[in-house]
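Participant: Given next are the chains, with one letter for each unit.
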Amino acid sequence: MFERLTVKKDAYYDSVVLMRLTQEVQRLAGITDALVGMATDLNKDSARAMGFADPELEEAGPNDLIVALVGEEEKILDEAGKVVAARLESRPRPRTGAESTRPEAVYSSLSEVPIGGGGVAAISVPGTYAAREARAALRRGLHVFLFSDNVSLEDERVLKETGRREGLLVMGPDCGTAVIGGIGLGFANKVRPGRIGIVAASGTGLQQALAVIDRLGEGITHAIGTGGRDLRREIGAITTLMGLDILEQDEATAVKMVISKPPHEEVRRRVIAALEGGSKPSVVCFMGEEGGMPGAGAGAGKVRFAGDLEEAAVVACSLAGAGAGRELYPQEEIEAIVRGVAARMPGAGGGTGRVGGHLRGLYGGGTLCEETMTVLARSGIEVYSNVAWRPELLLEDPEMSHAHTCIDMGDDYFTRGRPHPMLEPGLRAPRYLREARDPDVGILLFDVVLGYGCHPDPAGVMAEAVREAAEIARRGGRALVQIAVVVGTSGDPQGLAGQEKALRDAGAVVLSSNYAAARLVALLLGSGRFSR
Amino acid sequence: MSYVMERAMDRSPAGGAQRYLGAVQAGPRFCDLLSGVRRYLVHSVFARAINLWDGQEFLTLLPLSRGCGATWATVAVAPGESFLDFGLAPGLEVEARSGRWVRLGPEVVVDFGSALAWESKLAAVAVGDVRETHLRALLDTLLRAPAPSPIRGAIDGNGGPGRGIVALLDGLRASVQAADGARLGAALGGLVGFGPGLTPSGDDVVAGLCLARAVMRKACGKPDGFWEDAVREALGRTHALSGFLVREALGGRSHEFAEDALYHLLAGGPRETAHGATRLVSIGATSGFDMGVGIYLAAEWQRRYAWCSSG
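For the protein sequence lines, the chains are X and Y, in the order given.
Position in the first sequence (from 1) plus 6 gives the number in the working numbering.
Position in the second sequence (from 1) plus 3 gives the number in the working numbering.
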């Protein structure tokens, strides 16, 4: 076997190009292994695993390109090297002037975009290069949708300040979802046009709000993502405030909504002041803070505070004149579900429907995972997690659940070198079935997120796991309640009704609100206390 | 997050579809593939099954709900997904990496990193007398199954077009009892390879007989006898995959649903036996049914004639 390592200094290429090139080279006859990628720690580890131990590899940094080839003959490595060189030298063909003037034009490279051309640049390159690409986009007069993570806080601040000077939004970094003028970016749901405008620092949090809004018959004007750190003191809510200003000026927007983790106190005051200073009513969901439904003294003036995503969406719809302003699932309905569980599983809590076993929640959406932990904590139920905010509840090993546990399987620990569960929901199945086998487990909870960019049939995949888990419980002679939260809209490409039916047919309790699912869990675990 | 977007982009029509499948459960023989000890090729691809082979032994990937086994693994895919759409073709080299990933072709990677280990229940089964109640439960389930198998006449007593097969099966029983090698060879010759499909009905019923016999003999410490030798000799009459499955059955290994049905027949209750048999008959058009008939006959013959202990 022959090996060859080439390091190209200061050579940066789009990771999509490199991933495809690696696949192409791996397919060449006589090549047994190949890696073409930037010399990040992860890629250097992979090269070492292939057997490379060159000093050149150790010295290479994330700005360098490595080409590691293993083949049966020297000449095969020569041929593969030529393929790599040819592909890396080729550049996308610039579009013609006629094409580039079309307002709906889509470009694959910033170099093709006319300066000052307007529009949004969606950037998904590795974090190391993302700031550079975002700067280039801003120079060309483009708003930025920055899907990439691993961008430094300092770079984020500089980018957002530059954007603010130029009147351009920087949505991100680590921005999973946005819907601008009906066009979805990242993982986005299909939502009807309406009167609610949203600024959100959470991707799946935004998707949950969109799902509830859609269910209540309302729609949105824009949903502007900000990235998860925008309301930190270092960033000062630059994008959030710009977004609120856009929504204030937008005639179609009647109600504004803000979704975020609890912000820094000073930042919080500025955001609330901006909302109070505007002309439109608004709803704020700082997840983890106390909220309350309208009329319950939650908020004063133009700003209402919501304690969870469902409440935020319900209140916004109510302010826009849609929906009844009540919980999506009233308490009686949750109790009816518990009675249904008791009828189906006589073993559960001696016929009360209460479950003696532990909860195991496996989430693809990090915000939904955190919301469940918050709701259960308010009900006096402590939940361990890989993303717990209390150190004593942080799992020592994310692979090993303990007592009541909720796992964010979209966390870096689980997605290093693997797709996110929103793309391949089946990657959760082994863990799901491992939890189902645990005789101490009584409730399995998971989310299914729909929308563009997500798996084409996530419920179908998980329904198989639900059936298998039910069979495991049946064989073990124990009650196992399986709860699915389906986050999606009626317009989503996967088909909301069909997705819900697939899970229901498999034996899962299906809810469209994560908050309602958490309340259900609390009841099943024997806690009747709910306070928003 | 950038990896997510890359994947999202790669899923676009322009980017082509690359599939990254999570293996949910895998039998112990997948260690040979993952460790690189044996080199496998794609042997055959069906809508709901991918067979790999190394020239002698086979490994099979199935969707999660289709059961596992020593030489099987399950992967999580949606019910509407077909493996035929994954760009796989016979002869593609299967590449294992880091003891965790398996690349089946240019567009499909299977991640075994989190796969649960499949364990056979039969390894520790305590075999007592075969109970009539359990046999009845198995037989009733088989009789209710709508499988259009030519072997059906062996259990419903109607004869019909399967009359010749019934005679051959009777020959298997009698020849072992009488230690008549020539008659056994002739009966096996009429069964092995009989029927259409990747695993012919004749092979499946012989596999069921072999599985039940192997487990019952192992339980009482009996080594292989002339039945086992005769079956091995007859396997040249069928094709490689089916022959491999019968050889596995001779070693007391089979698909999870067959093993479970036998386990409950020998060590469970009648209700579990019926449930296990229901899952067994769901395999293929007739394969599960035919194996169920083999298991039933072996157990019934053991009860009446100590057939598994003979030969």
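Quick caveat, the hints were computed from the structure, so don't treat them as lab data.
Among the hints, a few may not be true.
To be verified - Calculated cross-link-like contacts (lysine to any residue; reagent style SDA-like; alpha-carbon spacing at most 20 Å):
| id | chain 1 | residue 1 | chain 2 | residue 2 |
| --- | --- | --- | --- | --- |
| 1 | Y | Lys-221 | Y | Arg-235 |
| 2 | X | Lys-507 | Y | Pro-82 |
| 3 | X | Lys-507 | Y | Ala-81 |
| 4 | X | Lys-507 | Y | Ala-181 |
| 5 | Y | Lys-225 | Y | Ala-181 |
| 6 | Y | Lys-124 | X | Lys-507 |
Unchecked claim - Label-pair ranges, simulated between beta-carbon atoms:
| id | chain 1 | residue 1 | chain 2 | residue 2 | range |
| --- | --- | --- | --- | --- | --- |
| 7 | X | Arg-481 | Y | Ser-38 | 42 to 50 Å |
| 8 | Y | Leu-87 | X | Glu-80 | 58 to 66 Å |
| 9 | X | Ala-55 | Y | Leu-87 | 49 to 57 Å |
Note that this is a predicted model, so its numbers are computed, not measured.
Positions of the beta carbon are idealized from the N, C-alpha and C atoms, including for glycine.
Participant: Would you mind marking each hint as holding or not holding in the structure?
Facilitator: Results of checking the hints against the structure:
1. A hinted pair counts as satisfied when its Cα atoms are at most 20 Å apart, and Lys-221(Y) with Arg-235(Y) qualifies at roughly 18 Å.
2. Distance check on the hinted pair: Lys-507(X) and Pro-82(Y) sit about 13 Å apart at the alpha-carbon level, within 20 Å; holds.
3. A hinted pair counts as satisfied when its Cα atoms are at most 20 Å apart, and Lys-507(X) with Ala-81(Y) qualifies at roughly 14 Å.
4. Only pairs whose Cα atoms come within 20 Å are accepted, and Lys-507(X) paired with Ala-181(Y) is rejected, the gap being roughly 58 Å.
5. A C-alpha spacing of about 18 Å is found between Lys-225(Y) and Ala-181(Y), which places the hinted pair at or below 20 Å, so the restraint holds.
6. This hinted pair does not check out: Lys-124(Y) and Lys-507(X) have alpha carbons roughly 34 Å apart, beyond 20 Å.
7. About 31 Å separates the C-beta atoms of Arg-481(X) and Ser-38(Y), a value inconsistent with the hinted range of 42 to 50 Å.
8. Between Leu-87(Y) and Glu-80(X) the Cβ separation comes to about 38 Å, which falls outside the hinted range of 58 to 66 Å.
9. Taking 49 to 57 Å as the suggested C-beta distance range, the pair Ala-55(X) and Leu-87(Y) does not conform, at roughly 33 Å.
Of the numbered hints stated above, those contradicted by the structure are hints 4, 6, 7, 8, 9, listed in ascending order.
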